[in-house]
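Number of protein chains: 2
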Amino acid sequence: MPASRTVTAAVIVIGNEILSGRTHDANLPYLARSLNTVGIRVMEARVIADDEGAIVSAVNACRAAYDHVFTTGGIGPTHDDITSAAVARAFNVALVRDPQAVSLLTHHYAAADLNEARLKMAEVPEGASLIDNPVSAAPGFRIDNVWVLPGVPRILQAMVDGLTAGLKGGDPVLSRTISAFTTESGIASPLADVQQQHGATEIGSYPFVRSGRFGVSLVVRSTDAAALDAAAAAVTAMLRDAGIEPLTEDAPAA
Amino acid sequence: MPASRTVTAAVIVIGNEILSGRTHDANLPYLARSLNTVGIRVMEARVIADDEGAIVSAVNACRAAYDHVFTTGGIGPTHDDITSAAVARAFNVALVRDPQAVSLLTHHYAAADLNEARLKMAEVPEGASLIDNPVSAAPGFRIDNVWVLPGVPRILQAMVDGLTAGLKGGDPVLSRTISAFTTESGIASPLADVQQQHGATEIGSYPFVRSGRFGVSLVVRSTDAAALDAAAAAVTAMLRDAGIEPLTEDAPAA
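As they're listed, the protein sequences go chains A and B.
Sequential numbering from 1 applies to the first sequence in the numbering used here.
Sequential numbering from 1 applies to the second sequence in the numbering used here.
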């Protein structure tokens, strides 16, 4: 594929505890940053309940719309872990006990501890391939363009670190942040001009309050390093023309 | 409406900075908890880009599927703030400068500071009503069942605190959390039995690690206080039958 093609992904966060506000999701930011380093751009995320219909519908909508889909949550041993069964239904295939997954669990747990609840974690949709779990043995899995990962952040992160190296993306989105003590309204008009003149970049404006003072972070993003440099320089010049000294400029980062 | 009807909502988080992983969203948890206190249950959340097509499509899908839709982000003064225009397009109405919103901004800013960028924050879809912003004057707005709120958490929270009192919901979901040092697998089977015997409640199991020890938080939820009490007692008894002493039991909370 040409390097300039955007490889896209959706993230589906599965869990009543996120929708109730009990738990703050930490997996979307981790996935978004990790995937961007290999040139895969998260275009949309959905947070849905532990509900078979909701999972089937979100997985089928997203796998048709994006190159990759990453789900998090619902693959543990308890009755509310229904993601694997729901993904099997989304693909209209059987849920099967995977011999390789059983073997991984057998090596991890003492024989007396390998109960039915743990063996449930060896059930995957027919045709899925396993994703290595370096923390606690119970694997994730991939079926077609859908990657099914756990919700526990420490385990998800270890799995993601292991699989991103094997993913083929497009060009990663590079970014620069230029911050200043000013208001968004004060610079909105010249900033819009900079955006118009630098169409190969995308410029976002994010207000903040620090030590009681209003500030704005201007984030320039592009897959083109030269375009990024030019736009970042134009943002800095725009601020200085307005008599505002930029606070910091980040090094180029993913 | 009967008190037992579930009043539902979707949250749409609008912002490239959330999808890039740069910013962790704090608005979904706040909205979810606040809405639950007035008996409105968040069934789904979507995180989408600052993209007109994405906003139109998410708003129209969610307003048809849920009683209420709350959007956050994209109503500031800069070029990347396109939520108001996109919501107008979703409803197929004009974007108009609201005289009451202009008046609010006029009272907040000195005349010399009320530039075109700030006046952009007075633009709302035709037929919308304003939502009071006690922090920084620029209002949110409501059109039909869609509530359009800002992305800055401090301002969003102040607006939400002001509007929830006027919302009519069903019964709030009550919850109890019972935690213990054990593994999910160790209690999965008796826990599934408790869930089956207490169908008016929903029991979630969430593993944690504290001081290097594995634990599980069992969260019982229900709109029925008596059913909640009975299920929580059954969870506690189930743990004790397994020789596990519960760590803490929260007071009933929203």
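FYI, nobody ran anything at the bench for these hints, they're computed from the structure.
From the three backbone atoms N, C-alpha and C, an ideal C-beta is built for every residue, glycine too.
Treat the hints with care, since some could be wrong.
As the list claims (entries may be wrong) - Calculated Cβ distances over 10 Å to all of chain A for the following chain B residues: (1) Ala26; (2) Glu44; (3) Ser211.
What the hints assert, rightly or not - Residues of chain A placed beyond 10 Å of chain B at every Cβ, according to the derived structure: (4) Val173; (5) Gly204; (6) Ala234.
Said to hold, decoys possible - Computed footprint of chain B on chain A; a stretch qualifies when at least three of its residues, placed anywhere within it, have a C-beta under 8 Å from a C-beta of chain B: (7) 32-39; (8) 108-118.
Structure-based check of each hint:
For Ala26 (chain B), the non-interface assignment is contradicted: its Cβ lies about 7 Å from the closest Cβ of chain A, within the 10 Å cut-off. Not every Cβ of chain A is farther than 10 Å from the Cβ of Glu44 (chain B); the closest lies at roughly 6 Å, contradicting the non-interface assignment. Every Cβ of chain A is farther than 10 Å from the Cβ of Ser211 (chain B); the closest lies at roughly 15 Å, confirming the non-interface assignment. A beta-carbon of chain B is positioned within 10 Å of the beta-carbon of Val173 (chain A); the least distance is around 7 Å.
Not every CB of chain B lies more than 10 Å from the CB of Gly204 (chain A), the least distance being 5 Å, so the non-interface label is violated. Non-interface call for Ala234 (chain A) relative to chain B: holds, since the shortest CB-CB distance, roughly 14 Å, exceeds 10 Å. Only residues whose beta carbon comes within less than 8 Å of a beta carbon in chain B count, and the region 32-39 of chain A has 3; three or more means the coverage holds. Note: the region 108-118 of chain A has 5 residues with beta-carbon separation from chain B under 8 Å; the three-residue rule is met and the coverage holds.
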